[in-house]
Each structure stands twice: as structure tokens, then as C-alpha cells.
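**Q** If you want the building blocks of each chain, they are given just below.
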Amino acid sequence: MIRATPFHARTAEANRDNLWTMRNRFTLPAQFGEPAAEATAARFGVVMADISWRWRVMLEGARTRELVQRLFTRDAAALNPGQALKALWLSDGGGVRGAGVVARHGRQSFQLVAAAEDAAWISSAAALFGVTARDVTEEEAGLALIGPYAGKLVAALGLDAALEPLALRKFLWRNLEVTLSRFGEQGGYELWCKSEDATLLWDRVARAGEAFANLPAGQIAMDTLDLEAGVPRPGRDYDGAIAADVAEPLAGELRLAALIDAEHLGFNGRSAAMAARPNRRLVGLALDSSVPAPFTPVLANGAVVGRTLSSLYSPLLRRAIALAQLDEAHAAAGTRLTLTLPAARDVLLPTVTAASVVDLPFLAPPDSIPP
Amino acid sequence: MSERYDAAVIGGGVSGLAAVSLLAKAGLRAVLLEQATTLSGPAGEPALRALDPRLVKELGLARHGLKFSSRDLALAVPRSGGQLTVLSRDRHATARSLAALSPVDVAAFAAFQREFATLARALRRTWWEGAPAAETAARLKPAQHDLLDRLTVTSAACFLAARFESDALKAALAFAAAACGFSPSEPGSALALLWSAAQEMCGLQGAVAVPRGGVGGLVAALSQAAEAAGATLRPGATVSRLTVADDRLAGVELAAGEQIAAPLILSTLSRRRTLEGLAPTARIGLGAAQALRRPSPRTGCATLVFGLNRLPDFGGGLANKRVVIAERLETYEIAYTAARLGQMPREPVLELILPPPQAAAEQLSSRLLLSVSVWPVPLGDAFDRDALARTVGAMIERHIPGFAAASCDVLPPLAAAPSVARLLSGAAERIETPIPGLLLCGDAAEPADAISGRAARQAARLAVLLHRKGGAR
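Just so you know, the sequences run in chain order A and B. The letter at position 314 of the first sequence is residue 314 when you use the numbering used here, and the numbering goes up by one with no holes. Count along the second sequence from 1, add 371, and you get the number used in the numbering used here.
Just so you know, not all the hints are guaranteed correct.
Stated by the list, open to error - Each pair of labels, with its calculated beta carbon distance range:
no.	chain 1	residue 1	chain 2	residue 2	range
1	A	A62	B	L511	52 to 58 angstroms
2	A	E328	B	E803	32 to 38 angstroms
3	B	R839	A	P278	37 to 43 angstroms
4	A	D17	B	E803	54 to 60 angstroms
5	B	E803	A	V136	38 to 44 angstroms
6	B	G431	A	A62	49 to 55 angstroms
Hints listed in this document are in silico derivations from the structure and should not be mistaken for laboratory results. Note that the coordinates shown come from a computational prediction; the quantities given were computed from them, not determined experimentally. No residue lacks a Cβ here, since even glycine has one placed at the ideal position from N, Cα and C.
Starting from the given sequences, assemble the full structure and let the hints guide the process.
**A** Right under this line is the structure:
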């Protein structure tokens, strides 16, 4: 079943080319105007993007602290209310099932925000601890403000923008209950409100944003930002470990090892994850040609040493870039590698092209201009 | 001050008693902890289909008083007009009896029995010795391998429908699948037919036997064997949780607070009840815990025990038989559909165990008990005792004229959760748990639902090995 986000009335109106894409069973504009212009605006100005598609689940109950300690690879139980952290959850065999932000809302209430749904896993784990796992994805709308002027826009809206990264605060803002958070990989802010207030929030932000040349950004622009930041996405760059005892993918092979806290004891899959020795690494590829298909083999001296994942044209770097998983031996920055692009509509024969390895991220998230 | 043992068995019944006796016999200090104040088997179940012959031999159960009032009940199928078709071990009598039903089926039945008996014996490597089915299958002849492959995906109903002509014969043979908990129209239920053909009672393949005193008689013999072997039996001891010390299984804690130290623990409870109910949460992976949470079964089997004041007229031929009342294969389907929807089936499938006349006469001195298994019934709130007693009473009266029960006791229904995967799994998969030293030995660790004691024997064997390894260290 296709779902529409609470902003659908507004995004449909602004989606001039009527191009749509799917995220987590929600339909979302692929682009509003020119994707390159939207991605560039996020670097130099400010954009707003619908993030209501992100899967959100509230964990509530007397034993929630025990649950989050067991479930996530970092100790979320040590957070104060209003704080958040990024963490993974692993299968019994130590494979990455998902990645997300765990935010503490209250003494016994935590929220998980993730790019891909894993309801069966989280709710069955919650049931073990007698904790309720309530899917609030469709109850709340989320709007991300990204770009150096995001802070100024938040201030212009009349909200207190002085918020640390990975924190959240609730406001009653001109009769609207909103939550302001800073969870995103691209810096910036997120505004969350009840679904029925979504169009009101959109209109207020759009009006206040006029002064900052605020643009709505579609999913292509958001993917560009993700890719430039070197963030692997579940479902696109890797498949979460679906079966319980699966040991793949390893956090170390997805550049997510920092999200596993070795000091944190007792999380699921810990012993297996600690014992695992990854021999591939997630790197960036700067390509000399156009965008390769996902999973194009990458060669060094004629031997396959890895594969590409998602790739896009970066308007800021003015070249095609890709995420790739390469053998450790060939993953050093500056290594020159070759790819064979298949024959396409306007190309008769497969083309051999070169690429060089780049350390991630390609581009650091834009610095916020203090409000 | 806590008591120390080498091994503790949680739960009495046939499996628990078998396990504790074997452990004690192997020289381990073993204790049995049973919640109830008496050690008894499942009430009402009078017949045994799958008791492990090796268990009987190893424990010398015959010496400890296990006697059978009937070693081989013939399968009787009532026909319209009050006649009976009897499938017994006597091939010629069976052929004569079947000929009246369908001449074509005489040869088909003989061929079916031959083919099944051979393949079933080959599969004992898996079902008796615990080897994974893939390993056993690799040793089969190509034709047998094909048949086994076919059985694992075919429903008993389809399989029988393709082989036989007579509706009554198909329905009667399909009962073997129902007795293992399968609906005969379920894919893979044909494998349950093979499983029951692989069983042996009193040295006879595929026999159904009645121990003297029912399962209670077997339990009494097992208790005697356990005591003779030097096991400690503790009825009235409720285990509240397993204890862990230094990352190892340390023992159990009783509801009364008492600690019992035992590095090996055998549980007759189901995997879910053992791991979720007793083991510490942190010892099991979240994925493993999730796998335990399968939807609970919605259908099961009920047992009715009718108390009779006088011996009914068993039509001369009904004594020493088990009578399956199922008209056609569709009878199962209609009944299972109703039960899955949470309704009491209007015409369930019945199996009546009718003992030989002398056993009946012995019993009559107190009161004759006739036990009837009813398949299928819905579980939970939809289960209606009174309606079931009425339906079953009326159905029996139709087939046994003059049947009049003085009392009817409806026992709580037992859930059935069979699966083809379980039938094909090796013993290690069913017995071992993620916690070292914790083994399962109950009915849930058997390949199919039946009183068998085989999982108990296999678990005890493994426990003894673990104990010896631990002792050497």
C-alpha cells in the first residue's frame, strides 16, 4: 500500500514535474525543480525536506532502559531526557540489522528514528521486556531544515535555535506543539509536529523561509547530500541482516564501526560483532565518467577488488561519485581503479573508465551560520 | 544450604521419569522436579503408539511392572449397515475384509504397506537415533529418496487419494497424520504417515498398544525404575528459574526459594516455556527469542473419558480394536476448517480405544472407562465441553448401538503444533539450546507429538557425555 506523508497536499502542489519516488512505502517528490539546484541550495542557503517517511517507534514501559541497553550498540540508557545518540542494532550473529537515532523523551520513554522499518525485530524484543513498541510514523510529520542558514531560519520562525547536535526540545509554538531536534547527518534541524498540523507547519516555514531563499528539496537532492556525506542507507547500499543468526553485513564494512561502543556490555550480537574482522571497507569513488550502475565490479590490474553501491552526480564536486566496498588492500585514498560500464542506449560497447578512491565523507556537512 | 546434583530434570511424566532414570542408571546423581504433587502421565490417553523400545529395554520396564493388555489393536472402520472393515496384522484376513470395501484397494493396500514399512524402517536412523534427515536420505535408494521427497511436500489426503479408491479406507489411514497433530490436508502431512509407520510397539512395527492401567501404568513402571536406579524424585517442587554463576549454568531455584545446584538441566517443557519462562533473558539472542514466539496453535485434540456401567455390545467384532470414525477425507477438512475458525466441528474425527474383553471385564469391577480422542477442536474460549460431549456421544451411539455412558469427563484439550521441519530435524536441533548444559527432553523435543521417551533417552545420553567431559576437566 502506498502511503502519503502528512505534507502531501503541499508537496504535490510544489512538485511541478510530477516526479515521485518511494521511501519506506511513502510516496515522495523525487524533485521539485532542478535536483542540482536543490542540492546546491542545501550547501549555500537552506532547504526544507519532508522526512515524515522515516520510521519512528516509541518504546515505553517500566523496563525500557533494560530493553535499549540490550537492543542498541551504544548505551542509550545513559542519556538524559532530551538527548539522543546514533546506534546500530545487530542480529544474534553480529550482522547489522539497522541504524538509527535513539532519543530519550522521558524517564521510561525512548524513541527510535530510522531510515528503514524493522518492526518485527524491535517489537518482539520489546515484548520480551514487557515494553510497548508503538509505531508513531504516521502520527507525526517531520520537516528537515538543512543548510548554513537553517539556524537563522529556525530563529526567524521564533524558536530558540540554541540546541546541541543530537538533542531535542519540545515547544508550544504559536499554538502548535512542535519538537525541534538535531538528528540529521547533514547538520541542520528537524521540526516534528502532529500529522494534522503538518500543512500549517509547512506554510509557516515556507513563509519565514522566503527571506532565506528557502527551497523544498526532493529525494534526489537528499540522496546527493547523503552520498556526499558518505552515509550508507539500508535497502539501497546494504540489506540489514534479516535472519537471526546472520553475521553480515558487518558494521566495519559499512563505516559504521564507530556506532558500536566496545565498553557497552550486553547488547545483542556483541560477542560476534567484537570477534568479527572485516576485510572490506566502505570508501568513496570519484569517477572519470558518468554514473555507474549499483554493484558494478571495481577492478585493479584486471582482478575484481570490490563493487560500487549507490552513485550520483554531485553538482558541487562536478563529477560522478559513488560509494564502494573495496578490499582493504585497495582502499587507500588516491588508488586508481577501473570499472567497466555496460553498453547503454547511446553507447555501442561497454566502456572502461577509471576512478580514484576518496576517503569519506566527500564533503563535510555545511557549517551552520550562528543564528 | 543448597542440594548438589549432577543433573536435574524439570517436569515429571513419561519423558521426565525416563530421563532421570537413565541419568541415574549411568551413575549420575539425578533429581526430578515435578510441579504436581504426584507423578502421573497425561490422563485419559490409554494407547501408546511410539514408546521407545530401547527405553523399555534399557530400563527393564517389564521387570518394573509394565504389562500390556493389548499389544496390537487392529484398526476398525465402521461401514454403513453396521459392518466393519478390520485392518489387522493378519494379511489374509485384512485382504478379505478390504475386498468387501473395494477389490481394487486390496492389492493397493498390500503394496502401500510393503513400500511404507521398508522406507519407514530406513528413516528410523533419524527418528530413533537422531541423525539429521538429510543424512539419512542420502543413504536411501533413488526410488525411496523420491518417495521421501514427495511425502515431505504432499498432504496425507492427496497422497492417499491417489493410491486408494475407498473413501472409508482413505479416511481411516489419514488418521495417523491427525494423531501426530497434522491436518491431513496440510502439505507435508504425508510424512506423518511415514513417521507413524516407523514406530514400534511390543516388537511390532506400526502397532498401537494399550498398557495395563493406561499411561498411568507406564508412569508407575517408570517411577519404579527411577527409584531402583537411585534417582531422587521430588514431586511438589516448582522450578521458578534457572540460575547462572560465572557464565555457566549453576542449577535451579524453586518457587519456595530453595536452590538446587546442578550443572546439567533437562527440561520436559517446551522450548519457549523453558527459554522464555525459566532462563535469564540476557542469555538468549533477541533473534533466537523471536523465533520462539511463533503464533500459538489454534487447534488441538481433546480426550473424552466415558464411564460405562455395563459393557456395551461391541458388535461382537469391536473388542480389542481401535475404531476410527471418519467417513471421508472431506470429513477432516470440514472439521479442521471449523476448528481453525474457532467453531466446534459438527462432525469431528474420533478414535475409540476398545480394549480386549478380559481387560474390559477387569476394569468393570470398578467402572469401565472408554477413552475417545477427538480431532480437531478449537482452543481457547471457543472450546465448549458440553457441546463436545453431546456431539461425540451422539456420534458413538450411531456406531455402537446401545452405547450409554453413565458419565463423561472432558479433559482439557492439548494443542497441536506439528511441522514438517520438526519431523525432518536431527535430535541435536530439537534437544540442544543456546545455553550450554540446558537440554530439552520432553514431548516438544520429539519429531512429532506422541508419548515416546525417545527425546529423553537422547537427551540423557548427551547429558551423560557432557558430564563425563566435565568430570575429565
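**Q** Confirm or reject the claim that D17 (chain A) and E803 (chain B) have a C-beta distance inside 54 to 60 angstroms.
**A** holds (59 angstroms)
**Q** Measuring from beta carbon to beta carbon, are E328 (chain A) and E803 (chain B) in 32 to 38 angstroms?
**A** For E803 (chain B) against E328 (chain A), whose Cβ atoms are near 37 angstroms apart, the range 32 to 38 angstroms holds.
**Q** Does the Cβ distance between A62 (chain A) and L511 (chain B) fall inside 52 to 58 angstroms?
**A** holds (55 angstroms)
**Q** That 49 to 55 angstroms hint for G431 (chain B) and A62 (chain A) (C-beta), does it hold up?
**A** holds (53 angstroms)
**Q** Quick check on a hinted range of 38 to 44 angstroms for E803 (chain B) and V136 (chain A), using CB atoms only.
**A** At 40 angstroms between Cβs, range holds.
**Q** Look at the Cβ atoms of R839 (chain B) and P278 (chain A) and judge whether their distance stays inside 37 to 43 angstroms.
**A** For P278 (chain A) against R839 (chain B), whose Cβ atoms are near 40 angstroms apart, the range 37 to 43 angstroms holds.
This entry satisfies every hint, going by the numbered hints stated previously.
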